[in-house]
Amino acid sequence: MIKYNALMQVASLCFVPSHCASLFTLGISTGLVLDVGYKEAILIPVCEGVPVLRLWQAMALAGQEVENQIKTRIDMGQLSPDESIDSIAEDIKVRTCFVTTLKRSKILATGQNVEPKTTDVEYHINGERSITIPGNVRETAHDVLFEENIDEMSITTMILETIINSNVDMRLKLAENIVLIGGTVMAKGFMSRLKEELLEKLKSPKYNNLKITKFKFHIGPAYENYIAWLG
Numbered sequence: 001m002i003k004y005n006a007l008m009q010v011a012s013l014c015f016v017p018s019h020c021a022s023l024f025t026l027g028i029s030t031g032l033v034l035d036v037g038y039k040e041a042i043l044i045p046v047c048e049g050v051p052v053l054r055l056w057q058a059m060a061l062a063g064q065e066v067e068n069q070i071k072t073r074i075d076m077g078q079l080s081p082d083e084s085i086d087s088i089a090e091d092i093k094v095r096t097c098f099v100t101t102l103k104r105s106k107i108l109a110t111g112q113n114v115e116p117k118t119t120d121v122e123y124h125i126n127g128e129r130s131i132t133i134p135g136n137v138r139e140t141a142h143d144v145l146f147e148e149n150i151d152e153m154s155i156t157t158m159i160l161e162t163i164i165n166s167n168v169d170m171r172l173k174l175a176e177n178i179v180l181i182g183g184t185v186m187a188k189g190f191m192s193r194l195k196e197e198l199l200e201k202l203k204s205p206k207y208n209n210l211k212i213t214k215f216k217f218h219i220g221p222a223y224e225n226y227i228a229w230l231g
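In terms of the numbering used here, the sequence shown is residues 1 to 231.
Note that these hints are calculated values from the structure, not bench results.
Label-pair distances were calculated between CB atoms; the ranges are:
| no. | residue 1 | residue 2 | range |
| --- | --- | --- | --- |
| 1 | K117 | R95 | 16 to 22 angstroms |
| 2 | L13 | E122 | 47 to 53 angstroms |
| 3 | G49 | E122 | 45 to 51 angstroms |
| 4 | V168 | L79 | 53 to 59 angstroms |
| 5 | K203 | F15 | 36 to 42 angstroms |
Note that the Cβ used here is the ideal one computed from N, Cα and C, for glycine as well.
Full structure from sequences and hints, please.
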């Protein structure tokens, strides 16, 4: 808190964490807020308006990783020498990609075909020419967000680890008040895929004692990439 400032005539100034501000737009005081931006995913539970910082978690797993998937899986021969995939990867991600279902993701991971197939699309560059974005790239580029690293951590396990390490009387409230913010969560299908992943993980021995049978997500009054500012 900054005390009285003679120039601005402000008695005090208090900085509100963005995770708390997001809850203001929903009129709730308790929730599990997951912010998935460009470079990292940050998870902070808020209980009665107070961030529980001992349960704070973060991973360098966000929109940039999705773009890296696109860069490595698109035929670079389609680009002219003066064009760079770096300059268009984010736009390709936003305009053409989506998050597939858990069932389809598992099938595609084995190399099998799945029906109906996701169609290839033409991405236009500067309105002059186009390159082909394969259907499998469009559908699976976001899967990296749900894959576990060497420490068995992913966006899904971040949520479950926070819940399991919280007080018993908080667990159900957190599971039923999940709030997603950040630009990456705006990808079509992200919320439903995350819910599928959470329910699937509950079947594992590590988490089946949580006594949680469902997860609920709040839908904010604005787009997720600026809901914290609105709060």
